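There are 2 protein chains.
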Amino acid sequence: MKRLITGLVVLLLIISGSLCLAQTDESTVKEDFKPASTNQPGREYPQVNSEGRVRASISAPEAQRVQLDISAVKYDLIKDSSGVWTGDSEPQDEGFHYYQLWIDGAAVPDPGSLYFFGAMRWGSGIEIPAHDQDFYALKNIPHGQTRAIFFPSKSTNTSRRAFVYTPPDYDKDQAKRYPVLYLQHGWGENEYGWPNQGKTNLIMDNLIAEGKAKPFIIVMTYGMTNEVKMGGLRNFDIKPFQTVLVDELIPYIDANYRTISNQPHRAMAGLSMGGFETRLITLENLDTFSHIGLFSGGSISPDDVKNTPGFKDKVKLVFVSYGSREIENMKNRPRRGPFGGDPKENIDALSKEGINTHFYVSPNTAHEWQSWRRSLHEFAPLLFKD
Amino acid sequence: MKRLITGLVVLLLIISGSLCLAQTDESTVKEDFKPASTNQPGREYPQVNSEGRVRASISAPEAQRVQLDISAVKYDLIKDSSGVWTGDSEPQDEGFHYYQLWIDGAAVPDPGSLYFFGAMRWGSGIEIPAHDQDFYALKNIPHGQTRAIFFPSKSTNTSRRAFVYTPPDYDKDQAKRYPVLYLQHGWGENEYGWPNQGKTNLIMDNLIAEGKAKPFIIVMTYGMTNEVKMGGLRNFDIKPFQTVLVDELIPYIDANYRTISNQPHRAMAGLSMGGFETRLITLENLDTFSHIGLFSGGSISPDDVKNTPGFKDKVKLVFVSYGSREIENMKNRPRRGPFGGDPKENIDALSKEGINTHFYVSPNTAHEWQSWRRSLHEFAPLLFKD
Numbered sequence: 036m037k038r039l040i041t042g043l044v045v046l047l048l049i050i051s052g053s054l055c056l057a058q059t060d061e062s063t064v065k066e067d068f069k070p071a072s073t074n075q076p077g078r079e080y081p082q083v084n085s086e087g088r089v090r091a092s093i094s095a096p097e098a099q100r101v102q103l104d105i106s107a108v109k110y111d112l113i114k115d116s117s118g119v120w121t122g123d124s125e126p127q128d129e130g131f132h133y134y135q136l137w138i139d140g141a142a143v144p145d146p147g148s149l150y151f152f153g154a155m156r157w158g159s160g161i162e163i164p165a166h167d168q169d170f171y172a173l174k175n176i177p178h179g180q181t182r183a184i185f186f187p188s189k190s191t192n193t194s195r196r197a198f199v200y201t202p203p204d205y206d207k208d209q210a211k212r213y214p215v216l217y218l219q220h221g222w223g224e225n226e227y228g229w230p231n232q233g234k235t236n237l238i239m240d241n242l243i244a245e246g247k248a249k250p251f252i253i254v255m256t257y258g259m260t261n262e263v264k265m266g267g268l269r270n271f272d273i274k275p276f277q278t279v280l281v282d283e284l285i286p287y288i289d290a291n292y293r294t295i296s297n298q299p300h301r302a303m304a305g306l307s308m309g310g311f312e313t314r315l316i317t318l319e320n321l322d323t324f325s326h327i328g329l330f331s332g333g334s335i336s337p338d339d340v341k342n343t344p345g346f347k348d349k350v351k352l353v354f355v356s357y358g359s360r361e362i363e364n365m366k367n368r369p370r371r372g373p374f375g376g377d378p379k380e381n382i383d384a385l386s387k388e389g390i391n392t393h394f395y396v397s398p399n400t401a402h403e404w405q406s407w408r409r410s411l412h413e414f415a416p417l418l419f420k421d
Numbered sequence: 036m037k038r039l040i041t042g043l044v045v046l047l048l049i050i051s052g053s054l055c056l057a058q059t060d061e062s063t064v065k066e067d068f069k070p071a072s073t074n075q076p077g078r079e080y081p082q083v084n085s086e087g088r089v090r091a092s093i094s095a096p097e098a099q100r101v102q103l104d105i106s107a108v109k110y111d112l113i114k115d116s117s118g119v120w121t122g123d124s125e126p127q128d129e130g131f132h133y134y135q136l137w138i139d140g141a142a143v144p145d146p147g148s149l150y151f152f153g154a155m156r157w158g159s160g161i162e163i164p165a166h167d168q169d170f171y172a173l174k175n176i177p178h179g180q181t182r183a184i185f186f187p188s189k190s191t192n193t194s195r196r197a198f199v200y201t202p203p204d205y206d207k208d209q210a211k212r213y214p215v216l217y218l219q220h221g222w223g224e225n226e227y228g229w230p231n232q233g234k235t236n237l238i239m240d241n242l243i244a245e246g247k248a249k250p251f252i253i254v255m256t257y258g259m260t261n262e263v264k265m266g267g268l269r270n271f272d273i274k275p276f277q278t279v280l281v282d283e284l285i286p287y288i289d290a291n292y293r294t295i296s297n298q299p300h301r302a303m304a305g306l307s308m309g310g311f312e313t314r315l316i317t318l319e320n321l322d323t324f325s326h327i328g329l330f331s332g333g334s335i336s337p338d339d340v341k342n343t344p345g346f347k348d349k350v351k352l353v354f355v356s357y358g359s360r361e362i363e364n365m366k367n368r369p370r371r372g373p374f375g376g377d378p379k380e381n382i383d384a385l386s387k388e389g390i391n392t393h394f395y396v397s398p399n400t401a402h403e404w405q406s407w408r409r410s411l412h413e414f415a416p417l418l419f420k421d
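Protein chains in written order, with this note's numbering: chain S, 36 to 421; chain C, 36 to 421.
No lab work stands behind these hints, which were simulated from the structure alone. Just so you know, these numbers come straight off a predicted model, no measurement behind them. Please note: incorrect hints may appear among the correct ones.
Any copy, or any two copies together, can satisfy a pair, since identical chains are not distinguished.
Unchecked claim - Heads up, simulated DSBU-like pairs for lysine-lysine below, C-alpha to C-alpha not over 30 Å straight-line:
id, residue 1, residue 2
1, K207, K189
2, K249, K387
3, K114, K247
4, K189, K247
5, K211, K249
6, K249, K189
7, K189, K69
8, K420, K207
9, K351, K341
10, K249, K207
11, K379, K349
Turn these sequences into a full structure, and let the hints guide you.
As structure tokens, this is what we get:
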């Protein structure tokens with residue numbers, strides 16, 4: 036447990052970056068801004084240009100100061116004669132980013148954007164068009180369903196929500212049964228992360244339509260069963276969630292969906308904290324899970340393999356991925372080192388021992404959703420290859 | 036079409052009420068405030084007291100003026116020495132209300148609340164505990180699923196989203212088939228309204244568990260197929276949505292779900308604009324629908340019956356409901372009169388003609404979600420009684 040906490044703290048330090056104030060030099064800005072795809076219906080702002088800059092705009096005629104706060108930098112907006120404040124950020128990485136506005140010292144969501152849960156809150160998010168966005172585009176192909184369900188949980192004495200992705204043909208052939216991937220969000224996020232900003236359904240619909248992934252079920256539930264408060268990480272304990280997942284959710288899914296309910300056809304993956312959870316839970320439950328995916332969430336070392344009886348026989352895939360900027364950060368902070376050892380070195384060592392591994396680096400992205408969408412897109416085709 | 040538009044305009048006038056500024060006399064306020072059930076996880080504000088007052092609070096140290104804007108009234112908040120602004124509203128009707136904050140002239144969502152789509156935007160909403168809230172409480176009983184699906188729509192050349200509620204046993208008995216209710220949101224709302232603030236799944240789960248309603252499928256999709264802009268109502272035309280619903284969505288649902296795909300087992304209902312849509316679409320498609328529900332959305336007159344061949348044979352139920360405050364408003368504005376004639380008089384007249392009708396008034400509520408939750412709760416048990 037101590038290693039988990041140390042790892043999470045290191046990770047948060049890596050994520051947080053430096054906080055500063057900024058104002059963009061407007062003379063260099065490309066004037067090809069368009070409303071973001073993550074805007075509320077009909078809203079003109081925020082906008083994004085071809086450099087990946089975000090232009091925010093809000094009417095606040097009596098305000099003294101309005102700022103756009105994105106990727107840990109605050110950009111001053113400028114007021115025009117009608118009381119509308121507007122301003123641009125520096126270019127952002129392609130993909131999805133959380134952000135907010137500051138109005139005279141109040142941190143608020145941008146009324147122009149759709150809202151997403153991250154950083155322990157529902158707040159604004161913005162999509163910077165990515166060169167590879169086609170893999171999660173909504174296309175005119177057969178679509179699966181994302182089902183909101185409640186499952187009974189004795190250990191927490193609640194009905195708990197999960198989202199269940201069923202592939203396009205699930206309702207057609209009532210005789211067919213499917214493997215299952217249990218897919219976890221990160222710290223400060225919840226079960227809406229993968230279905231919403233994660234684009235899980237569209238990634239899978241597209242992969243299945245192209246014949247690149249086998250159809251399987253994906254189950255996404257809330258992985259922070261402890262008290263949900265900022266700083267609650269210090270009290271984080273894997274046991275309550277392991278009980279919910281392994282003893283309650285999996286039996287419920289197997290009883291209520293046409294699953295292939297055995298170890299070879301069950302996978303677990305997660306991003307960031309969800310990766311740590313995946314590592315801890317799968318290593319303790321190798322009779323339950325055969326495929327393991329850690330997205331920006333540590334790795335599995337030769338020591339882990341040594342200390343886990345039966346690992347080599349039972350584990351069919353160890354997939355580890357990071358954003359390239361995360362890898363760069365690890366190299367620049369050798370004294371801290373990544374959680375559980377250098378992930379590439381670990382994976383190479385496991386590979387030499389004959390374990391089926393896959394290491395993926397998302398180009399030009401950091402600890403953010405574009406890395407994780409791409410990770411799912413790389414991971415899914417490797418699953419359940421009988 | 037002209038009557039539809041006139042009706043909608045009258046309705047909007049009734050809804051809008053009077054806009055004014057206010058500040059609550061704090062000496063009379065009961066100090067038993069608790070965080071609202073609609074708050075974001077772990078957030079202390081907004082709060083609600085036993086009188087139904089809303090207490091908003093936000094840190095805005097540099098702001099000059101902060102207001103809580105709810106039920107068309109703006110309440111000034113007061114700043115404390117730490118820069119936190121706090122203030123209360125007058126007592127609100129029980130049930131769900133949209134609201135927002137104003138910070139130095141900027142209208143923004145409250146970062147403490149969950150967000151709901153209404154008034155053409157995702158924004159803050161708050162639940163005032165109702166005396167009858169048990170009928171939409173989350174209980175430890177079998178739960179149905181709310182499925183997010185995409186269906187192909189040639190007429191709009193898009194993949195369109197719908198939510199499909201399937202009752203608790205839907206996945207158990209693969210031989211059983213179910214009736215279907217098509218359920219529409221109001222103007223300025225979207226397909227998230229009924230599943231989120233409408234509590235459709237919980238209302239149905241509870242009714243089914245108590246044996247009060249037959250299990251049936253509910254389909255909820257977006258009913259404003261025209262351009263989504265404020266003021267777009269003037270250009271509202273029922274034809275595009277009727278095409279999506281009748282020619283595209285219904286065949287898709289019948290092909291992909293175990294429906295009883297005939298007129299006696301198909302109902303349509305809607306709230307406000309969704310009621311107008313229901314009235315127009317069902318009257319033109321009586322070979323498709325047998326049960327009609329209009330919630331705060333007009334009524335069906337003896338003239339309608341006369342002008343619609345086969346009405347008496349084909350229609351199994353005409354359900355009309357309003358909030359009691361809407362009825363009071365109609366009485367106070369006799370010159371304008373309600374859309375399509377006095378709803379109670381119309382329903383009584385239909386009843387005398389031998390048509391199966393039901394008129395329901397939600398006590399002490401207006402043109403708001405508590406009226407519509409209660410309407411669904413009254414309507415569902417009357418459906419598909421073979």
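Comparing the hints with the structure gives:
Taking CA atoms no more than 30 Å apart as the test, K207 paired with K189 passes between copies only; the shortest distance there is 22 Å, against 33 Å inside one copy. In the homo-oligomer, the alpha carbons of K249 and K387 lie at most 30 Å apart inside one protomer (27 Å), although the nearest pairing across protomers, at 60 Å, exceeds that limit. With identical chains, the CA atoms of K114 and K247 are never at most 30 Å apart, being 50 Å at best within one copy and 58 Å at best between copies. Taking identical chains as interchangeable, the C-alpha atoms of K189 and K247 lie at most 30 Å apart only when they sit on different chains, with a minimum of 27 Å there against 39 Å within one chain.
In this assembly of identical chains, the alpha carbons of K211 and K249 lie at most 30 Å apart whether taken from the same copy (13 Å) or from different copies (29 Å). Only between protomers do K249 and K189 lie at most 30 Å apart by alpha-carbon distance; the minimum there is 28 Å, versus 33 Å within a single protomer. Taking the shortest alpha-carbon separations for K189 and K69, only the inter-copy value of 27 Å comes in at or below 30 Å, while the best intra-copy value is 49 Å. Taking identical chains as interchangeable, the C-alpha atoms of K420 and K207 lie at most 30 Å apart whether they share a chain (23 Å) or sit on different chains (29 Å).
Taking the shortest Cα distances, K351 and K341 sit within 30 Å of each other inside one copy (16 Å), while across copies they are farther apart (70 Å). Taking the shortest alpha-carbon separations for K249 and K207, both the intra-copy value of 16 Å and the inter-copy value of 25 Å come in at or below 30 Å. For a Cα distance limit of 30 Å, the shortest separation of K379 from K349 inside one copy, 22 Å, qualifies, whereas the shortest one across copies, 69 Å, does not.
Hint 3 from the earlier list is the only one contradicted by this structure; the remaining hints agree with it.
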